[in-house]
Amino acid sequence: MSLYALQKLIRDVNRKPSCREAFFQSAETFAAGYDLAAPERDALLKRDVGTLYAMGVHGLLLRPFTLLHKMPEPDYLKAIRGD
Amino acid sequence: MPITFACATSHAPGITAWADAAPAPQKDRIYGAFERLRRELDASATDTLIVLTSEHWTNFFLDHVGAFCIGRAERYSGPVEPWLQIARQEIKGDPALAAELLEACYDNGVEPSFAYELEFDHGTMLPLHFLMPRMERPVVPVFFNTLAAPQPSAGRALALGRIVGEVARRSPRRIGFVATGGLSHDPGERNHGIIDTDFDHRFMAAMADGNCAALGAYQRSEFAAAGAGAFELLSWIALAGALDGRKGEVIAYEAVKPWATGVGLMTFAHGLAA
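If you're matching them up, the sequences are chains C and E in order. Just so you know, we're using the numbering used here here: the first sequence kicks off at 1003 and counts up by one. Just so you know, we're using the numbering used here here: the second sequence kicks off at 10 and counts up by one.
No lab work stands behind these hints, which were simulated from the structure alone. It is possible that some hints are incorrect.
[Unchecked claim] Here are the in silico distance ranges between beta carbons for each label pair:
id	chain 1	residue 1	chain 2	residue 2	range
1	C	Lys1080	E	Pro32	42 to 48 Å
2	C	Pro1019	E	Asp72	17 to 23 Å
3	E	Arg178	C	Pro1041	52 to 58 Å
4	C	His1071	E	Asp29	24 to 30 Å
5	C	Asp1037	E	Asp116	39 to 45 Å
Predicted, not measured: the structure shown is a model, and the values here were computed from it. All residues carry an ideal CB built from backbone N, CA and C; glycine is no exception.
Same shape as in the complex, but just chain E (with noise of 0.2 Å):
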């Protein structure tokens, strides 16, 4: 089966945290993104996402550090954050699908570690709070470590995607993607605050094209430079590969000072399974 929904997010806390500081028209742009993307999740039907995403000191700690982990968990709860404005919520996990997701990788020359207890923090709650507010559709969670040096190559995250995709399209389950971090911010950091707009577009340009090459190629220099956060768009990297070139459309970018970040919202849902 054709995967049947993809689409790309950032994950700011303040989109739901301190939403009314960001200039009316900006959130309302951003609102409205997540609600055309909610829409387009609904109507394709999706069983199951896949969630390619990125995790800040929630779960993970330096004691134990991997590139990539996939969640087989039974049911993952979450924000852990009770100020991100978000309830408290189980999401029900995927297991079978996470063991098919491993065995492929496995199998394929990339070895993501595992976990059958995870937590979501805003990273992938915030997502999956606009796109599933019910939180009907199971998940399988796969983490990208972006926050420990030596991150995953963007050409490592390309390959682990390629890998999952292939899985989903030979899936007779409708199978959908959310990949969520980014864009340029660094949050914390020295230059928390400041937004790399060309960073930005170039970026979402090239995920828009499905021009792997290009995206396999971003140098750890590149994201560095974009601020900390800009690791998190490895996920993004992710999807391009299991979505195999597909073109995609930016439906809303905003450089949103109260949030710290470049926020951007893309599909590819053009030409995906009816």
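Same shape as in the complex, but just chain C (with noise of 0.2 Å):
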């Protein structure tokens, strides 16, 4: 696993906007200059929050990576709690 090519991927998508605009026109695009591993990429891709936090994404990152995404609280600690 590379947890820290993923946290900086999110990282980078949160606080860069020329990689957060990469980002949202093609997600895949933008995730193939980052050495992810298969199941970190496919969590990625498919924006499994619960998954991606079970990896060891830090809370900080996460949360602003989802708001990103307009993912309303409850929705993003019930993923995260894995209600």
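The two chains are supplied separately, each in an independent frame; assemble them into the complex guided by the hints.
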């Protein structure tokens, strides 16, 4: 697993407008620029928040990332708690 | 010159970003406490502020993590969050004081990293917005790694604080301190929204007593149990070190559910330099 690369991608999307634009244009193409393991790429492309959290993505990276996707807080908490 | 001003405050973004989500009496007590601190700062004629603070993946990432980082820029800007309800602005730096702090640290066995370019997020901008709305004083930010394990120990934060406090005391200038972060909260994590009021009161009691021995003995596991955001209290512990046992006063504490944080404000103004 390459949690570092996964978190780096998410941080780039959160913090860098050009990366954000590229990600929302084509997440698949954007993700190809990062050394992700297959399950990580899969979870990312599916926006599988529960799995991303279980993989170890830091909450202060993941929550802002989900806010870019307009995910309400109750839905986010439900996903990371596995409810 | 003795330290001219000192306070510790939480910096939960909801304080400004979704202020009215909090029950009005809680919000009013917290805003009133910030206003009291602003008046104390103005009355202190402080020249420059050392801000003991934390950040949220704004400047630093896992490509290079240091325990502490001192800003030596001529100017900073923030907040980076457009939704914080605080206008983005420039804040003057104080590179000469930053250099003094760094030299003193390196001479005394603590080696922070340093940076000539930093942006401020809510962790630094929110308290400055309330305490110094015109941003008329320069600041020197001292960042603590509170995000990536292993975070610095409480004892190490205390040691850093003692060194920077000594620099402030021997300076001919009027130097004040702001410590910011905490108290219990677990932002973006599994226990988001859970506030540990027992932890918060115990911690603030030690701060009020200036009990450096107790503060320096806090363990990472204790912070983690109070939520990931409780590591931000390393900055408060550094403040206790800087003040070398000076007693303080809790002027507000509210467990604010809509802000998902135990919000505390303390002053250490009593008996500081006239």
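* Which hint numbers doesn't this structure obey? -> Hint check: 1 fails alone, others pass.
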